[in-house]
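Student: Each chain, written out:
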Amino acid sequence: MPTTMASPSTIETALVANNICKSFGPNEVLHGVSLNVVAGEVHALLGENGAGKSTLVKILSGFEAPSSGALVYEGRDVHWSSAEAENSGVILIHQEFNLAEQLTVEESIFLGREITKGPFLDKVRMRTLAQGYLQALDCYADPSARIHDLAVADKQMVELAKATSRNARVLILDEPTAVLTGKETKVLFELIRRLRAQGVAIIYISHKLEEIEEIADRITILRDGTLVGNYDANELTKDDMARLMVGRELSDLYPHILTPPEDAEIVLEVDNLKIPGVIFNASFSLKKGEILGFAGLVGAGRTALMEAIIGLTQNVSGEVRVFGKPVAYKDLSEARDDGVAYLTKDRKEKGLLLTHGLCPNFSLFSLQKFSNLLIDETAERKAFEAASKVFDLRVGDMSVPAGSLSGGNQQKLLLAKVMEVAPQIVIIDEPTRGIDVGTKSQIYQFIKELAEAGRSVILISSEMTEIIGLSHRVAVMCNGTLSGILQGADLEEHEIMRYASGLKGNGKYE
Amino acid sequence: MSSMTTTGVKKTRFNLDLKTIGPFVALIVLFLIGILVNQAFLSTGNLTNILTRSSFIGIIAVGATFVITAGGIDLSVGSMAAFISGCMIVIMNTLAATMEPGIMIVLAGVFASVLLGSAAGFVNGFLTTKGKIEAFIVTLGTMGIYRSLVTYVADGGTLALDRGVRTIYRPVYYDSFFGIPYPVLVFLGVAILGYVLLNKTVFGRHCFAIGSNENVARYSAVHVDRIKTLTYILQGICVSIATIIYVPRLGSASGQTGTLWELEAIAAVIIGGTVLKGGYGRIWGTVVGALILTMIGNILNLTDVISNYLNGTVQGIIIVVAVFLQRGSWRKKK
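Taken in sequence, the protein lines are chains A and B.
Counting from 1, position 394 in the first sequence corresponds to residue 394 in the working numbering; the numbering is continuous, with no gaps.
Every number in the working numbering is 1000 more than the matching position in the second sequence, counting from 1.
You may find that some hints are simply not true.
Take a look, some chain A residues computed to stay more than 12 Å from chain B by CB distance [what the hints assert, rightly or not]:
hint, residue
1, K58
2, D77
3, N98
4, F120
5, K183
6, F189
7, E269
8, H356
9, E463
10, I485
What follows is a list of derived Cβ distance ranges for each label pair [as the list claims (entries may be wrong)]:
hint, chain 1, residue 1, chain 2, residue 2, range
11, A, A100, B, L1115, 41 to 51 Å
12, B, V1323, A, A83, 27 to 37 Å
13, B, F1136, A, R381, 36 to 46 Å
14, A, K325, B, M1104, 50 to 60 Å
15, A, D346, B, V1323, 28 to 38 Å
16, A, E334, B, S1043, 51 to 61 Å
17, B, I1145, A, K208, 54 to 64 Å
18, A, N98, B, V1320, 27 to 37 Å
19, B, F1136, A, A379, 37 to 47 Å
20, B, V1114, A, E265, 47 to 57 Å
21, A, D346, B, V1320, 28 to 38 Å
22, A, F24, B, I1145, 46 to 56 Å
23, B, Q1256, A, R113, 47 to 57 Å
To be clear, the hints were calculated from the coordinates, so they are not data collected in a lab.
A virtual CB, placed ideally from N, CA and C, is assigned to each residue, including glycine.
Based on the sequences and whatever the hints tell you, model everything.
Tutor: Shown next as structure tokens:
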């Protein structure tokens, strides 16, 4: 770490990538990309999924070797392994964290560099230091807590604490805010600004253009493995960024969606639903053809509420009526058979079998439909081919494992899987997390068509613009309570925030 | 990106092929070694012997393929086999004391065997799913319980089947149909049924899904607990079928019956290319795995080059090599 603070005017090139190419087998995925990151700047890396951002940062941080091209770090050519890169202060924080779930926070921060006193671990010192690192991040996780028991945001903070404790000179953040709430994002930005002032170079990958606009000094845009350009942040508007990433105009991200008639049939009613210690009170109703958004901070209980409705959680009180019929689903298959389906936000852990093929993944939820004692594999394959057209799965060969697809294609596959049972009520949880703009707009279009075809949609999202752009009404949850349902003119960001943060609403159903 | 994934696939397919045919190649190599070692290896008598002997482990291993594919493990199968054999003999002997030895007594024994096998499997499944105890621990426990129960029933000695019943029951092991011994036919039948069940039915798909990611299965409306319990019941039934053809072989059971069968069964499954941590299962691989294990013992019996006492060593090496090769191709896949 530099002993003196670098003033922004001191242009000191930290890391340069020259004409980097990377091939996997005969296929080149990066075609001569160049990038120079200067100490004390936030350098945003933008591009759609599959544009090559992740490959590029893996090369910068030594996880992959470039096929050709050179890396220059602080004036010398380097060919490093990830361990060497880390020791030199080039640290990548992965999108999926790299933490051992069973270790404690303190053990994770000092993993591989444990402080010892003679032959024994100096636990007291490590704990004190760990606490210091975490507090500097405004994170109050207990250093002795297991990673396993932490909230996602805290896990990220642990990753960051680990990086700051290693005197990072170049810190690479791969979609750090995908799992953070607005408040946590503010804390993260505060930290990034502090690191920048200390002369740390930060490479920042995100799909959220608002964030890029707020934090980035310079922007490098990639498209299909080629460099579109390096820009000063103030040269570009958000629209410019989106256009350069996609390579076409994004006239309107959110489609216009027809409003269901006032007297539309009520398909789902929830009265005073409670789960001890998790959901304190939630009541709402959903009409045919309606998109009901669910806003709230991470941990407000939106997912828990939905999982209770579809039968994944037991010990639920209150009444749920589907098409007027009181129900208390004991598992997902009962909900499915009633036409209620849930699309998880956790594609990789709950949505798809990553090591299995696309077709078995697609049919897993609707498999009974293709089975009459034995599975009719021809019918299954035909349905899959039809669905992959409907959902525009862009995969060269359909026999690859699901885990090898890009995030956007995985989300489309998950949609195809759930929609194959033709549900009347679809609960979609964070459908565009970590997905590029092009696929997002396709998913929005799809949700629109769904609603206009008379299906009903519950949309959980932490992206405020998405909720506002798509929903007819928005239910806001705060701390396990449904604090209000907004529509019409009330449907705007600040009002939603007031309910989400508990400033307004007392959990009573209006 | 699509062009990249395309080649990825070709590579994967190639690996998959190698993985699938790997056990078959090993079997052929062993077969050739057998011929080189001793002419007697090729005799009809010896080949039928290999097939018949591999039937017990093979049938149990077909059941184990389901359990392992769905992410479980069953260590209790050897003890379960001993326990079921013991109970069958006691039941048939009791009946023989009250009525004339006849086919009915054997059928009653068979019926009891299937019932006991299902029940024992259910206990394993129930404790793992509803009791939420690790399958390894549960079946380690029942392994001890079943074996001690049979020792207790046999009073530390051997339970012998009534002579009259034995005469009637004997052909089930010793006779054959067009030269193919009954145990081999049963093995073949179990393997075919197992293959269809694992690869062509919803149940089989659900086993794969649970084994690769239980959470995904749960969120895909799979009845995880029910399916897992069913795999243990299926395992129990396979053990009972193996027992049904094993009892007439010796006509007795003791605390030593079926010792280490669990390990042989698991070994056959793993050699066959099923992934121990679940998610991928291959019935034909398992069948070949069982044949390989039996053939190693047979070849060592026919040669002086390596002592027969080293049977376990050779088997052990084969298992480790098989898993090593498996892992190699998994790596490439990623």
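Student: Output the indices of the hints that this structure fails to meet, ascending.
Tutor: Violated hint: only 8; rest satisfied.
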